[in-house]
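Asks: Those protein sequences? They're chains P and D, same order as listed.
Each residue of the first sequence is one higher than the last, beginning at 1 in our numbering.
Each residue of the second sequence is one higher than the last, beginning at 1001 in our numbering.
Hint data in this document are derived by calculation from the structure and do not stem from the laboratory.
What you are looking at is a predicted structure, and each value in this text was computed from that prediction instead of being measured.
For every residue, glycine included, the Cβ atom is placed at its ideal position computed from N, Cα and C.
Hints may contain errors.
[Stated by the list, open to error] SDA-like, lysine to any residue: derived pairs with alpha carbons at most 20 Å apart:
(1) D:1028 <-> P:200
(2) P:216 <-> P:234
(3) P:205 <-> P:169
(4) P:216 <-> D:1004
(5) D:1028 <-> P:91
(6) D:1028 <-> P:234
(7) D:1028 <-> P:101
(8) P:216 <-> D:1057
[What the hints assert, rightly or not] Here's a subset of chain D near chain P, in silico, CB distances under 7 Å, partners left out:
(9) 1005
(10) 1017
(11) 1020
(12) 1045
(13) 1052
(14) 1065
(15) 1104
(16) 1108
(17) 1254
(18) 1255
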Amino acid sequence: MDNEQYTIPGITGVDVSLPIAGPGSRSYAFIIDWHIRVVLALAWIVAAMLIEFGSLRLPLESGKRGVTFGFLVFLAPAIIYFFYHPVLELLMQGQSPGKRMAGVRVVTVSGGTPGTGAVLIRNIFRLIDCLPMLYFVGLITTLLSAQRVRIGDMAAGTLLVIDERVPSRYLELDGAATAEAAVDFTTLDLVEQILERWPSLALDKRDAIARALLKKALGSAEDPDALDDDALRARLVTLSAQR
Amino acid sequence: MKSSAAAWVHARAPAWRELSRRIGALRKRRSISVGEALGAIEAYRNVARDLASARRLVPGTRTAAALETLFAQIHATIARHPSGGWSGLLSVLRDDIPSVVRELAPRIFWMAALMGSSAAAGFWLIATYPHLINLIASEEMIQHVEEGKLWTDGLINVTPSSILSVRILSNNIVVALFAVCSGFLFGLGTFYLMLVNGLMLGATFAFVHQHGLAERLFEFIIAHGLVELSVICIAGAIGTAIADSLIRPTHATRRESFRVCVRRAAPLMALCAALLIGAGLIEGFVSPDPVFPLASRIAIGVSYWFLMVLTLGGWLLRRPRPGGAL
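Produce the entire structure from the sequences given, and follow the hints as far as they go.
Replies: Set out below in C-alpha cells:
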C-alpha cells in the first residue's frame, strides 16, 4: 500500500511531498526508544549498586544516606525517561535513535525542522496521549486523524513523516556517458535497480525481467532469450556501465 | 539517437552534486549566515525548476526520487524556525508572556475563585463530617495529626532538603502541566484537577484545625504556597483557554485553533514550570526547617509572590521609556 502523502505548497509552485508515517512506523520507533531507555536505566541502576555495595541489592539502609542513595539511583532513570525524547529530538533534528532506525522524522506543518518550543509541546502532551495506559489516546488519535498525528503533534503543529533519503549518489551520474548513450535513461535506471536487487530475486523472475529490459533497451539487435542467468547479468552490467 | 532526458541530466548533474554537498553541510549546523540562507533560497528555486522537469522527463526514476529528497532537504533548511537566542528570550519575557497573562486574567481570577470555593467546601465537609477525612488523607497522615504532630515535622531529618525539593518540584510541575494538557478534554480534566486540589487543601486545613495544628500548617505552607497555588491557578486558566479554543474555535479548524492557543500559551507554561522550581526549592529548604521564624517565612513567600507578579506582568524587564527622565 502506498504511503499517504503530506503535500506542502511550495513558494515556487512546485509542491513538497512528504510520505506520512502511520501508526505502525510510529509504534515501531517508540518501542525501540522505550527499550533503549529501559536498557540505559537498568545499566545505571546496576552500575550504581555495584559501585556502592559491590553487589546487586536494593539500598536497605535507613536515614539520610540511604534515602540519598536510593534517590540518586532512581533519579537518573527518571531523567532518562522524561528527557530522552525532547533532548534527542532537538539534538538530532526531529529524530531519536528509534525514529532513525524506523526511518521516520518529526517535521513542522511547514516542512521544517521543529524548534525547541514545538519539541517541548509535543512531548509535554504525552501526558494526555499516554492515557489511560499504553498510549491508548495517542494511538486512537493517530488512527483517526488525517495526518496520522497524536494530540501532542496537533498541539505543536508537527507530524511524523517517513525520512525517505534516496542517496545523493543517484544525482552523481556520469553525465558524459549518459549523454552519449543510445539507451533510454529510464530503462538504464531500471537496469541499475534490477542489478541491485539481483541476489534477492528468484532465478526465473530475474531472468524474465532481465530479458524484458534487454529487449526494450536493445530492440532486435540481440536475442536475450538465448542467454542464461550469468550471461543476462553480465549483459545488464555492460549496459549499466554506459551511464 | 541521443536521449534528451539523459542530456538534460548530464547538464544538470554537476550543479545537483555541488548543491547536495552544500545543503548537507548546512543541515548539520545550528545557525547559518544571511548569505548562506539567501544562497539556499536561490538553490531552492533552481531545484524546484529541475524537479518539475524531472517529474516530467524521468518520472519514477531514482534520479527523480533523489531530486525529491534534495528538494525536501532544502525546504526543511529554509523553513527552519529561527533561533531567537537571548534577545528572543528577553522579548518573550517582556512582551509575549505579559500579553498572554493580560488575556488570561479573567480566567485566572475564575480559577482562583473555583479553587477557593472548593477549598471552602472541603473545609466545611470535614468540619461537619470529620470521619470523611479517611477518604482524603492517608492513614499515616491521620495518625500523625491525631498524635498532635504534622506529617512535615522532622521531615528534614529523614530526607535531605535537596532531594525533598526535587521530589516536590517535579510533582508540582507534573500537576501543573496536567492541568494545562487536560484542557484538551474540553476542560473537564482541568476543572476536575482544580476542584480536587481545592477540596483536598480545605479538607486538610479543617482536619489539622480540629487538632489545633492549623497555625503550624500555615507556617509550613506560607513560604512556598502562595506561588505554588497561584501557578496552579494559572495552569488551570491555560487549560480552560485550550478548552475554549476547541469549543469556540477562533481559526478555520478546531485543530488550528488548538495549535495556535497552545503555541501562544507555551512560554507562560515554561515560566510557570520555572516558578515551581523556585517554589520546590523553598519547600525543600525553608518550609520544613524550624530555624526559619514565621516572619521570615511570610517575607520569603510574599517577596517570591511579588517577583512572580512582576515577571508575569512584564514589569521586571520593562523597556525604559524613550525620552524619559535621565
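Asks: Give a verdict on every hint.
Replies: Results of checking the hints against the structure:
| no. | hint | in the structure |
| --- | --- | --- |
| 1 | D:1028 <-> P:200 | violated (35 Å) |
| 2 | P:216 <-> P:234 | holds (17 Å) |
| 3 | P:205 <-> P:169 | violated (27 Å) |
| 4 | P:216 <-> D:1004 | holds (18 Å) |
| 5 | D:1028 <-> P:91 | holds (10 Å) |
| 6 | D:1028 <-> P:234 | violated (41 Å) |
| 7 | D:1028 <-> P:101 | holds (19 Å) |
| 8 | P:216 <-> D:1057 | holds (18 Å) |
| 9 | 1005 | holds (4 Å) |
| 10 | 1017 | holds (5 Å) |
| 11 | 1020 | holds (4 Å) |
| 12 | 1045 | holds (6 Å) |
| 13 | 1052 | holds (5 Å) |
| 14 | 1065 | holds (4 Å) |
| 15 | 1104 | violated (17 Å) |
| 16 | 1108 | violated (20 Å) |
| 17 | 1254 | violated (9 Å) |
| 18 | 1255 | holds (5 Å) |
The structure fails hints 1, 3, 6, 15, 16, 17 (numbered hints given earlier, in ascending order).
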